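A.B. asks: So in UniProt numbering, the last one in the sequence shown is 889, and the numbering has no gaps at all.
Keep in mind that the hints were calculated from the coordinates and are not lab data. Worth double-checking, as some hints may not be accurate.
Stated by the list, open to error - Okay, the calculated beta carbon distance ranges per label pair: (1) 442 to 113: 26 to 32 Å; (2) 491 to 70: 53 to 59 Å; (3) 294 to 440: 48 to 54 Å; (4) 463 to 335: 23 to 29 Å; (5) 3 to 243: 30 to 36 Å; (6) 369 to 77: 57 to 63 Å; (7) 425 to 123: 37 to 43 Å; (8) 852 to 638: 42 to 48 Å.
A quick note: this is a predicted structure, and the numbers were derived from the prediction, not measured. Where is the CB? At the ideal position from N, CA and C, for every residue including glycine.
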Amino acid sequence: MAPSVVYSIDDKDELSFISFMMELRRILANHSDHEDIFDHHPDSNLSSSREHPLLAKQSATQPSRWLEVELKVVEGKETLSTTLLMRDDNLYVLGFMNQKGEVYGLHDKSCARMLPSKYKPKQLGCDVSYRSLLGAESRREVVETLTDARLGRCFAVDAVRVLSCFPEWVDGTDMDPVIALLRGLDGRDMNPMMALAGLIFMVCESARMNVLHNLFADGWGLGKFGDTRLTPEMLISKRKKTKEMLECYVWNYGKMSSDLRTWMSNGYAKSRDFSSHKEVSRTDVEMHPISQLQDVYLVLNCYRAHGASSRQNDAGGPSLGRRRVELLAMRADLKVVGTTIMVFDGKRGQIIYEKEEQGDREQGMIDLVLTGPNKGISANGCFAIKIDIPATTTAGSSSGDAGGSIYWKWDCYDPEFAEDVDKPQPVRRTISSSSSPGRNVEVTYAVLSSALEATAQVKLHLKDGHSPRVHGNITARIGGFEAPSILFRREKETGQRFYPTDSRFLELARSVVAVPCGRMIHIEVDLQIETSINQGASNNSKPLKFYLNFDSGIPDTQCYEGYDGDNVEVMVTWYPEVSTATTPEPSRQVNIQMTTRPQPDIREISYTVGDEGEGFRRFITELRSLVADHPRRKDILEDHPDEELSSTRNHPVLAMKGRLLRIKLQAETSSTTLLIGDHCLSIYGFMNQSGDWYGLGYDLTMFAPGYDSIRLDWDLDRGDIIRFCPDKNSMASILNDVNDNEEVMNRLHSARLGKTFAEDAVRVLSHFAPGEAEGDDDASARLALADLIFMVCESAKMNPIRDAFAHGWSTGTGFTKQWLYHSELISVALLNWKDDKYCSWTMNPRHAKIIGIQSPIDALQVIHLVRNFTVEERQLLHYAIYGSPSDEE
């Protein structure tokens with residue numbers, strides 16, 4: 001039976017929190033190999049203190065014990081509770097249990113389940129890291145989110161309320177987990193993943209470190225904003241301390257523990273390199289280990305660093321790197337379809353290879369094209385590789401392959417394996433199954449004491465915009481290593497196809513590589529671009545072969561220009577983020593363009609207003625393809641079990657964070673350019689033919705340096721653009737009294753939008769200057785801009801709008817009004833449907849009736865570009881429309 005700790009959070013006495021922590025720490029320290037960091041210290045006062053115990057030895061797969069930490073909230077006669085499921089060897093929480101006893105595991109479809117089968121965990125789709133739980137892009141975003149959450153007793157009470165009923169409403173109405181993520185409980189602005197991340201932070205980090213324990217204990221009895229004892233000065237101070245704890249301690253707990261273990265193994269002789277973890281606020285202070293032990297209580301039982309493994313990065317100074325494993329290559333004779341390879345590191349189990357089909361030319365040992373890891377493999381403890389081989393039988397007989405498993409563990413506590421750390425070249429080992437002699441697998445890996453994670457992306461800019469197939473190889477090689485890691489490998493028969501509407505990103509088999517701090521990473525590209533069959537060339541493929549170098553820790557994009565108009569972009573980003581970076585040396589290749597600091601990503605598309613509706617349709621198709629082409633491209637149907645649907649790629653999801661897009665519209669001798677955000681297709685400003693930029697409520701330099709603009713007090717909302725027009729004698733005077741979206745639609749509908757209206761609108765904006773007469777005044781410009789926004793942005797989003805414009809292009813058209821102002825609601829419903837594995841369809845009945853969408857099929861016929869919303873944005877949208885969760889029904 002798993003040990004358990006129960007704590008009632010209602011108790012406002014800080015001593016209750018301290019008692020809870022003491023009991024949790026006692027259980028964690030009380031394991032079969034109990035050891036304290038001072039056990040062998042010559043000072044008897046220290047060796048008898050027993051105040052800095054080591055955690056249990058780490059296991060790559062299952063810990064020796066799972067702890068159940070039950071947190072309760074008593075409200076009158078009702079008790080709410082949730083239970084965190086925690087490993088005893090590293091204090092990672094891998095799931096939680098609601099009040100009904102239902103368990104939700106922190107793993108996604110690319111990971112193997114780590115929780116014991118007795119819990120029967122349901123997949124949450126989040127990883128164990130704070131970044132994944134909070135949907136954050138970087139450590140900096142995690143710091144800001146947790147700092148702003150005002151963690152403490154009141155937060156914990158609300159968090160337990162939320163998770164105790166997850167994924168149901170408080171009144172017991174069933175709700176699927178994904179919809180539950182969109183709503184707080186009792187109207188609170190807290191989503192369940194924020195609740196879970198906050199509880200993990202308060203419980204686990206406080207158990208590990210005294211500084212976090214003291215931070216929460218000191219303010220445990222204080223309330224929220226209504227508590228007169230909680231002054232603004234105290235709030236500011238606590239926020240500052242929380243941020244400091246994250247930056248100085250939480251991210252560096254593993255390194256601190258490693259330093260202390262090294263200090264212990266060296267007979268308590270203080271190392272010169274000790275305490276390099278104070279990289280954020282105290283980089284120039286070298287603390288004594290005794291001082292560090294004031295910060296840490298439970299010491300992670302990681303391997304003892306020797307020699308080079310305790311060094312700082314090659315460039316000098318404190319290292320931002322982490323202990324990581326780079327799994328460079330695997331060779332095996334695994335012909336059985338269904339064979340799966342997983343790697344475990346005590347935090348997660350990642351699926352890195354799945355045999356999906358039998359190759360005709362596979363003979364003997366072959367290089368496996370690994371499909372992972374997708375996240376760095378931790379080397380703080382042990383890691384293990386498990387290969388599951390299914391049993392097979394020959395048709396018509398009982399003979400075949402009996403199947404079985406191969407399991408191999410890198411044991412950080414074994415001196416032989418400890419010698420692998422920071423070796424000059426990767427280590428190659430052969431692993432085999434004791435139950436199936438003859439089945440051998442060669443593994444090439446490197447254990448790195450200080451590494452950054454490099455993530456690579458490759459984008460093709462094909463001259464013709466399409467290719468029947470792209471095949472070849474892309475490899476990554478760490479500077480100083482001979483063995484490469486395969487990122488992309490496809491034969492001609494299985495090459496990736498590219499269509500004009502597709503993303504330009506190559507589908508890499510894997511993209512994450514662990515790189516020692518200070519080392520370069522070399523990307524070698526050797527591709528063949530098949531040309532269209534109707535080009536009639538005897539040799540219907542074009543080679544793209546080049547070699548790029550990327551400096552450690554510096555996000556960089558390098559471009560290779562092919563001789564025949566085909567270009568390639570290779571992007572490399574790094575984690576953790578390096579806050580300061582030096583400018584890299586220029587590349588030795590003359591056809592490489594490098595950027596060493598972030599620049600606004602601004603793309604451009606142009607359209608000449610013509611006579612044919614099909615020309616307009618082609619422009620919208622190109623615009624859709626452009627905005628859908630982003631690094632994290634996905635389609636709303638990509639995970640659908642029906643392969644015919646999942647392969648259509650006709651409903652792309654927009655980027656979460658937008659880039660700028662310039663849309664140049666031309667009509668005879670006139671032109672205007674719209675500046676929009678491609679994540680939402682909202683307009684920020686426009687440029688007239690003279691090159692003057694006008695920002696709609698914004699100074700455009702906040703989006704792109706150098707875009708000096710005149711700020712217009714026009715609201716971004718389409719109705720407001722044409723609502724507040726001062727000229728009583730113009731077309732805008734008709735619209736001056738418009739007070740709601742329906743009237744805006746009616747007025748624009750009566751304008752018969754199409755070719756003639758678009759040409760006039762371009763002319764008006766091309767000569768626009770504020771306050772000028774002769775039709776070029778603000779009122780005409782507002783109406784012209786509203787027309788172009790509807791014509792371009794709404795057509796890109798929705799098929800019926802595009803079709804209405806295309807069919808009535810020459811004569812002018814009204815348009816189907818029922819979907820306008822509802823595309824966001826339709827997008828949210830589609831996102832929920834996808835997250836629920838295409839099972840339940842949820843949309844407010846009143847809105848569903850108004851817009852005529854009763855099913856996902858109806859929605860897919862309307863929407864082409866799906867707006868991408870975070871959980872918080874979905875909540876805000878929900879509350880903005882319905883007021884509160886109870887108003888929806």
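A.B. asks: Go through the numbered hints given earlier and state which of them the structure violates, listing their numbers in rising order.
C.D. replies: 4 and 8
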